[in-house]
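Engineer: The listed protein sequences derive, respectively, from chains Z and S. Going by the working numbering, the residue at position 18 of the first sequence is 18; the numbering climbs one at a time, nothing skipped. The number in the working numbering is simply the position in the second sequence, starting from 1, with 1000 added.
It should be emphasised that the hints constitute simulated quantities derived from the structure, not laboratory data. Just so you know, not all the hints are guaranteed correct.
To be verified - 30 Å max Cα-Cα, derived BS3-like pairs, lysine-lysine:
id	chain 1	residue 1	chain 2	residue 2
1	Z	56	Z	132
2	S	1450	Z	82
3	S	1467	S	1486
4	S	1467	Z	132
5	S	1260	Z	26
6	S	1467	Z	23
7	Z	84	S	1474
8	Z	91	S	1086
Keep in mind it's a predicted model, so treat the numbers as computed, not measured.
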Amino acid sequence: MNFENNALSIDQLPQIESIDFQKLNKEYLWMRITFMVSLYLVLVVSALIYSYFSDKFDWWLLPSIISFFLCWLLIVEIVGFKIKGYVLRDKDISYKSGWIFFSMVSVPFNRIQHTEVAQGPFERMFDLAKVKIYTAGGASSDISIPGLSDTEANQLKEHINALSSKHA
Amino acid sequence: MPDFDLFQPQRQSVVGIGVIFFQKVRRMLNVIISIVVVQFGIKADLTSFWFSGSIAILFIGLLVIAVLTYRNFYFYTIGDAFIIEKGVFGREKISVPFERIQTVNINQNVIQRLLGVVGLNIDTAGSSTKELEIAALPKNIARHIQSYLMEHKSNNIIQEVGEFEELTSTTIERKALMELNLTDLVRIGLTENHLKTAGFLFAIINGYYWQFRDYFTVYTENILNDDASWMNYWTLTLSLIIIATFIGIALLSVIQSILKFYGLRFYCDQEGVKLESGLLKRAEYQIPENKIQLIKWSTNPLRKMVGYKTVVVKQASSIVLNDKSAIMIPACREKQLERILSNFFPEREKSEFQEYCAQTWLQFQLSFLFAVLPATVFSVLGYFEYQFFIVGIAWVLVALPLSIKFAKSMVLKSNKEVIQLNRGWIFPQSVFINYYKLQNIQFKQNAIQKRRGLAHLILHTAAGSYKMWQLDEKQAMEIYNYGMYKIETAEKSWM
């Protein structure tokens, strides 16, 4: 009989913080920027039209406020993009994100309820998709990995499904 | 079981018509009352021919619906699913696989008690729980169905053990861990969190007041115009009203606790937990051992004085905040709590607990939020009206120590198998979770925390998420890694 029961110390445990995370596709960043800029353009045009017809504001006031917000959001998005990433280990999948509000979640394969691949209109334009992973732990414990190519997303989903039924 | 075949479509007891009828009447009454009040005001002539006539027709209609509901209602089992067919005019067939059944509860309201039947409630993980209800069954048949369903839903586990196991499990009479007597119930009622109830009551009364403000102002104007005496008059009546309200609330709480917890019996053993209670409406809840996700206790200053803790046993539920799927014991003594804990967390004594406290930063954070910030607002107001300065000082004197005490009370304890989360000073509460019951763990850190080397840790379970604030970053990571290791190597299933 091959039986081992070694004492376990905390340092010997696999450490998630020392693993390199897989970065998201560059297209994802471009998609987010396109999305923001198009939203920005819509807002600026409507702000200009509004200030033209009402005398409450000077014409440049609202657009410059919106532009300021755009700059801020772009900075957050670009810096945040470098932080976003996922990693597959033998027994779990982890996702991290957030520059100002950092968050990292690991979902063990033996706790996955179901998975799905989702694609929004902007994501379709860039041929991107996201994988959503659901657990029984409520909405905030579910993870959603964006910025995968369509085929990558489906592969990842299949891979996770295979592992989760193996570990269940 | 004598002449009862669960494989053939069965109707419920004939008296079910009565039970269904009263259910419908009660539901209808709520609607009727609000319509009548809104439409005709309180002075409506309820004895008029039209009114009583339409009520009579309504009642006959409800009776017909009740009879049809009864006639079209069947339940039976096919293969490994429990099936309910129902409908008044249309037809609906609900099929529940045994494995999806969470719990099967038996309960009895006043009508059911008068008619000598019980209701059977089948709870699935889904959200539409109310639909799986059999209104009227003789008690022995309800028991039979309950044990049949519970047995078959964990079939694949029991089958391997064989008949021997089944025999022993049926012959062992379950012994109640605790029963509450009348003095206990009175104590529970008196030690309820009255401030909360008072706040609730105030909110309701306030709502009504704004609705009927015009009536009140006529009355109060008279008094206010009565120059000098009104001040004394009001302080006296107001204090009397407050005292009377609190006495009333305490009395109501006692009555409520007697109605709800009369004859409470709590069972706790290898099979899980079971709770029976209620005076008019007798309810029975049970959670099988493997469905229990966590155990939580809480108390308040009054309860602490009589040595009681409120214990909640939570099971997996799709609606996270729904406490209905949890079992609550309103008064549990230290010794009994110890027994419950050692029953479900036998690993609790096996290894040393390590303490992880919230870092001092939390004290600053809470003091700032709850003491300094409001105090600043009060000082600004005090610039205009000096009384606000006094309020501000009083506020800081109360809020500051409370914030600091609260921050200090936040502790996470962990040994090799069990994790315990404490928080609260005036209203302390404590949560116990087995590592293998966790779903996953979340590590959160904002920019300020990153600079200070701090982090939040959120433990997600199938019965809610629990957050530990402002841990040391390294310790948080340590628990995170250890937790993942424990979940991934767990041999026991989380449900």
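Engineer: Could you tell me which of the numbered hints above are not met by this structure, giving the numbers in increasing order?
Structural biologist: 1, 5 and 8
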